[in-house]
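For reference, the chains in residue letters:
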Amino acid sequence: MSQTTTAPRVKVANRRSPFIHEDWDARTFRVNREAFRSEEVFAKERRLIWDRQWLYLGHETEVRRPGDFKQRTLAGRPLIFARDSNNVVRAYLNSCPHRGTILCRETEGNAKTFQCFYHAWTFANTGELVGIPDPAAYPPERGFAAEMGLREPPRFANYRGFVFVSFAANGPSLREHLGEARDYIDLMVDHSERGLEVIPGTHMYAIRGNWKLAVENAMDGYHFSPTHVTFVEYLKTTGYVTSDEGGRVITLENGHSVLVFSGHGGRVGMQWEPRFGEAQRLLVEENVRKLAARVGEERAKRIAGTSRILYVFPNLLLFDIEGLAARQLEPVRPDFTDVRAWELAPATESPEERELRIRILGSFIGPGGLATPDDVEAYECVQRGVVATAGDQRPEVDWSDISRGMAREAEGQPARNVDEAGIRGFWRHWDDQIGGGAA
Amino acid sequence: MIATVTRQEVEDFLFREAALLDEWRLDEWLGLFEPGATYEVPTTDRPDEDPRRSQYYVWDDYELLAARVRRLKSKHAHAENPHSRTRRLVTNVRVGTPGGGTVPVYAAFLIYKIRDGNVDQFVGRYEHTLAVGGEGLLFRKRRAVLELEVLRPGGRLSFIL
Chain A
13 MSQTTTAPRV
23 KVANRRSPFI
33 HEDWDARTFR
43 VNREAFRSEE
53 VFAKERRLIW
63 DRQWLYLGHE
73 TEVRRPGDFK
83 QRTLAGRPLI
93 FARDSNNVVR
103 AYLNSCPHRG
113 TILCRETEGN
123 AKTFQCFYHA
133 WTFANTGELV
143 GIPDPAAYPP
153 ERGFAAEMGL
163 REPPRFANYR
173 GFVFVSFAAN
183 GPSLREHLGE
193 ARDYIDLMVD
203 HSERGLEVIP
213 GTHMYAIRGN
223 WKLAVENAMD
233 GYHFSPTHVT
243 FVEYLKTTGY
253 VTSDEGGRVI
263 TLENGHSVLV
273 FSGHGGRVGM
283 QWEPRFGEAQ
293 RLLVEENVRK
303 LAARVGEERA
313 KRIAGTSRIL
323 YVFPNLLLFD
333 IEGLAARQLE
343 PVRPDFTDVR
353 AWELAPATES
363 PEERELRIRI
373 LGSFIGPGGL
383 ATPDDVEAYE
393 CVQRGVVATA
403 GDQRPEVDWS
413 DISRGMAREA
423 EGQPARNVDE
433 AGIRGFWRHW
443 DDQIGGGAA
Chain B
22 MIATVTRQEV
32 EDFLFREAAL
42 LDEWRLDEWL
52 GLFEPGATYE
62 VPTTDRPDED
72 PRRSQYYVWD
82 DYELLAARVR
92 RLKSKHAHAE
102 NPHSRTRRLV
112 TNVRVGTPGG
122 GTVPVYAAFL
132 IYKIRDGNVD
142 QFVGRYEHTL
152 AVGGEGLLFR
162 KRRAVLELEV
172 LRPGGRLSFI
182 L
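Which chain is which? The protein sequence lines are A and B, in order. Position in the first sequence (first residue = 1) + 12 = this note's numbering. Position in the second sequence (first residue = 1) + 21 = this note's numbering.
Same shape as in the complex, but just chain B (with noise of 0.2 angstroms):
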C-alpha cells in the first residue's frame, strides 16, 4: 500500500504540534509520537552527522523523550520554571515520496522564545520522519536543525525545538 498525504494534512498535523507545543500541553504533544521515536537537534558546527557517531544537542530515544516532558511538567525544572512563552512558525512546508508506511516532510521555522526580558530567536529547519496509519500522522524521527552558526545569545534549548 502506498499511503499519498497531502501538504495539508501534514500542515495541519505541524500546525497543531506548534500548538501544543506554544501551550505547553506536552502529554498531548508527546501523543504525537509513536513508541520508539526520536527527536533530535545535531549541533550547529556538524548538522549531517550521524548522532552514534557526533555529539548532538538532543539525541531522545523515546524513553527521554518522555523523561523530558515529565520533567518540563516538573516545577524543578528551573530553567522553564515558569515557562517561556514561544510562537512558532512554521512554513515552507515540502512533503518527500512516502515509502515504507512512513512520509519524510521538510519545513523551516522560526521560534521566538520570550522570557526574563530577553527575546530570544531560534530558526532552522525541520527534517521530520512521519509515519501514516490508520489513525492519521504520528511522527517518527523528529528532527529540528538549527540555522544558528551558535547558540547566541539565548543558549538553551530547555524548551523543545
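This is chain A alone, in the form it adopts within the complex (with noise of 0.2 angstroms):
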C-alpha cells in the first residue's frame, strides 16, 4: 500500500451541518465555536466519540516486566494498564466490581494481585477474583466469584506495540480504525529492527482549552513561524536552518491526518544537525546504511528522510520529529484537557543516542521546553477569545475559518502543511460522528 501520493483525497462535497459550513463555490470552511465552548456538545463528544471509538491507552513498554501496572483515565474512566503474571498486557476498569470503589490506589508498581481496601476483595493481576472473606456469605456455586472477576474494556487491542481500548463492544477493528495510519505508525516503529520502547518520565500536564484545539495545533503548519520564533531564532543560533518548502499536509481516512515536513529540524539518529556534534555526523550515516540494507534504500528514505506528525482520531498525536513521542488527549470539561506525553526510542539505540535524544526533543517539545509552552499559550488564548462572540446571530461571526489552502485543493494541487486542510478532515469527521452530516 502506498501513501506517497498528495493529491487531495478529499471529496470536494458542500457541507451545512449545524457545526460545520463547508462552501467550495466560496472555498470557505467554517466550525461553529459552540463546539469549544459547549457542554451540550462535549456530552454529545463523551457518548457519540469517546465511548465509542478506539481510544490510545499507552504503549506496551510502559508495562515492561509482569505484574507491572500504571494508573490511567480515558473518556474519564478509571483504568488499570497492566502486564499479567502470564505476560499479557490488560486493561481493567479501576473499579472494585462488588461496590465500585477504586480498586488500585498506587499510581503505578509492579503486584501479583490488587486487593480493594474496602471489604478486601482480592483480584489476580489476570482478573480473576481469587479471595473474599467470608465466602460462605455468598451463594456457594462457583459461578458467583467467576462472574465478580476485574471488568475489562470491552475491547482491546496492540498494533505494533501501541495499545489501544475501546468501550463499545462492536465497531471496526483496530486496523480498520488505523487504516491508513498505520502506514505512518509503521515508519515510526521500523526505526530499529526491535520496535521502539518508551522512555521512562511522562509529561502530564492540564491546558485550558478544549481538546479539539490541541488538534487543530498539531495538524496546523501555518501557526509554526509565527507562534515559534524564538525556537526557530534558537535553531539559528546552532547553525540549523529550517525551511517549510515542501512540506505536506495528508487527510487520511477516519479522522486523522498526517503533517509531513522536510526541513524541520534535524532527527536523531537519522538526520544530522549541527547541535548533534561532530561525532554523530558519521554514525547517522551509518545508521541510515544499516536501516537502507534492513528495509530497501526507498523505505530507508522515507524513514530517516522526513518528520512526520501524526494525529490518531481522537486522542493520540505521534511525533517523528527531532525525536519520537506520543501525545495522548484527555477531555475533562469542554474548556480543560488533561495532556500525557511520552519521548519513546529506537529499543537498539546506543545510550549515547539516547541521552542526545532527550537533549534535543526536550529543547522543544513539553510544558519546559522552548516552543510547547506557546503553543498552550495559543489553545488558552483561543478558549478565552471564543466567548466573545458566544450568541452572536450574524452570519459566521461565531464561527471559525478554517479555510486555508482550499483554493489550491480546488484547482487539484496537493495540500501544503502550512494550509489547513488536516484540519478540515478531521472536522468532517467530528462531525460525521457528532450526527451533523453532509448537506
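Warning: the hint list may mix true and false statements.
Result set (DMTMM-like, lysine to aspartate or glutamate): computed pairs, CA atoms no more than 20 angstroms apart in a straight line [claimed, not checked]:
id, chain 1, residue 1, chain 2, residue 2
1, A, Lys82, B, Glu70
2, B, Lys162, A, Glu290
3, A, Lys82, B, Asp66
4, A, Lys248, B, Glu84
It is worth saying that the hints were derived from the structure and are not from the lab.
Both chains are given apart, each in its own frame, so use the hints to dock them into the complex.
As C-alpha cells, then:
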C-alpha cells in the first residue's frame, strides 16, 4: 500500500451542518465555536466519540515486566494498564466489581494481586476474583466468583506496541480504524528492528482549553513560523536553518491526518544537524546505511529523511520529528484537557544516542520546552477568545475560519502543511460522528 | 581547601535569586550560573531518574539555558508575553557538606504564578549544587523537583521554576 500520494483525496462536497459550513463555491470552511464551549457538545462527544472509538491507552513497554501496572484515565474512566503474571498486556476498569470502589490506589507499581481496601476482595492480576472474606456468605455455586472478576473495557487491541481500548462492544477493528495511519505508525516503529520503547518520565499537564484545539494546533503548520519564532531563532544560533518548503499535509480516512515536513529540524539517529556534534555525523550515516540494508533504499529514505506528526482520531498524536513522542489527549471539560506525553526511542540505540535524543527533543517539546508553552498559550487564548462571539446571530461571526488552502485544493494541487486541509479533515470526521452530516 | 559556607550565605544567595526571577531580571539571573552549569526539572512521576535516561521537563546545559533566557526576553515568547507575575517563597534551607569546591543545598519552594485571572501554585524542593569560589556562590547545578502529581491546573513551565 503506497501512501506517498499527496494529491487531494478529499471529496469536494458542500456541508451545512449545525457545526460545519463547508462551501466550495466560496472556498470557505467554517466551524461553529459552540464546538469549543458547549457542555451539550461535550456530553455528545463523550457518548458518540469517546465511548465508541478506539482510544489510545499506552505503549506496551510502559508495563515491561509481568506484574507491572499503571493507573490511567480515558474518557473520564479510571483504568489499570497492566501486564499480568502470564506476560499478557491488559486493561481493567479501576473499579471494584463489588461496589465500585477505586481498586488500585497506587499510581504505578508491580503486583501479583489487587486488593480492594474497602471489603478486602482480592483479584489476581489476570483478573480472577481469588479471595473474598467469609465466602460462605455468598451463593456456593462457583459462578458467583467467576462473574465478579475484574471488568475489562469491551475491546482491547495492540498495534505494534501501541495499545488501544474501546468502550464499545462492537465497531470496526483497530486495524480498520487505523487504516492508512498504520503506514505512518510503521514508519516510526521501523526505526529499529526491535521496535520502540518508552523512555521513563511522563509529561503530565493540563491545558485550559478544549481538546480539539490541541488537535487543530498539531495539524497546523501555518502557526509554526509566527508562534515558534523564538525556537526558530534558537535553532539558527546552533547553525541550523529550518524551512517549510515542500511540506505537505495528508488527510487520511477516519479523521486521521499527517503533517509531513522536510526541514523541521534534525532527526536523532536519522538526519544530522549541527547540534548533534561532529561525532554523530558518521554515526548517523552508518545508521541510515544499516536501515537501508534492512528495509530497502526507498523505505529508508522515507523513515530517515522526513519528519511527521500523525494524528490518530480521537486522542493520539505521534511525533516523528527531532525525536519520537506520543501525546494523549483526555478531555475533562469543554474548556479543560489533560495531556500525557511520552518520549519513545528505538529499542536498539546506544546510551549516547539516547542521551542526545532526550536533550534534543526536550529543547522543543513539552511544558518546559522552548516551543510547546507557546502552543499552550495559543489553545488557551483561543478558548478565552471564542467566548466573545457566543450567541452572536450575525452570519459567520461566531464561526472560526479553516479555509486556508481550499483554492489550491479545488484546483487539484496537493495541500501544503501550511494549509488547513488536515484540520478540515478532522472536523468533517468529527461532524460525521456528532451527527452533523453532509448537506 | 575546605570552603565553609554558612546557611546565611546560602539564604542570601537564594533570596537574591528569587528576587531577580520575580523581577524578571534574567540576564542578572543567568550571571548566577558558572559556565557549563545546568538547570533541570524532572517529571513528577520519575523525580529521581537520571536525565540521560529519562524524559525531563527541563534539562538545560548552559547553552540551552542561555537560549531560554534570550527567548524569555523576546516579545515573541508568547507564553510569557506579557510576563506572569510570580512570587517565590524559598524556605527550609539546609546546607550539605562542602567538598571539591561545591556545596549541596536543599530548600523548599512555593511559587505563585499569576496571569490571565489564574493563580497557579508550584510547590517542590530545590536540590542545587553551588560552586564555592572567591567571588562567592554560583550555580553548578540548579535542580527544581516538583511535589505536584501532575502540572495541573497550570500546565506550563514557561517561567523559571
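Evaluated hints:
1. A:Lys82 - B:Glu70: holds, 17 angstroms
2. B:Lys162 - A:Glu290: Violated: lysine 162 (chain B) and glutamate 290 (chain A) sit about 26 angstroms apart, past 20 angstroms.
3. A:Lys82 - B:Asp66: This hinted pair holds, its Cα atoms lying about 11 angstroms apart.
4. A:Lys248 - B:Glu84: Between lysine 248 (chain A) and glutamate 84 (chain B) the Cα gap is close to 13 angstroms, so the pair holds against 20 angstroms.
Of the numbered hints listed earlier, the single one contradicted by the structure is hint 2.
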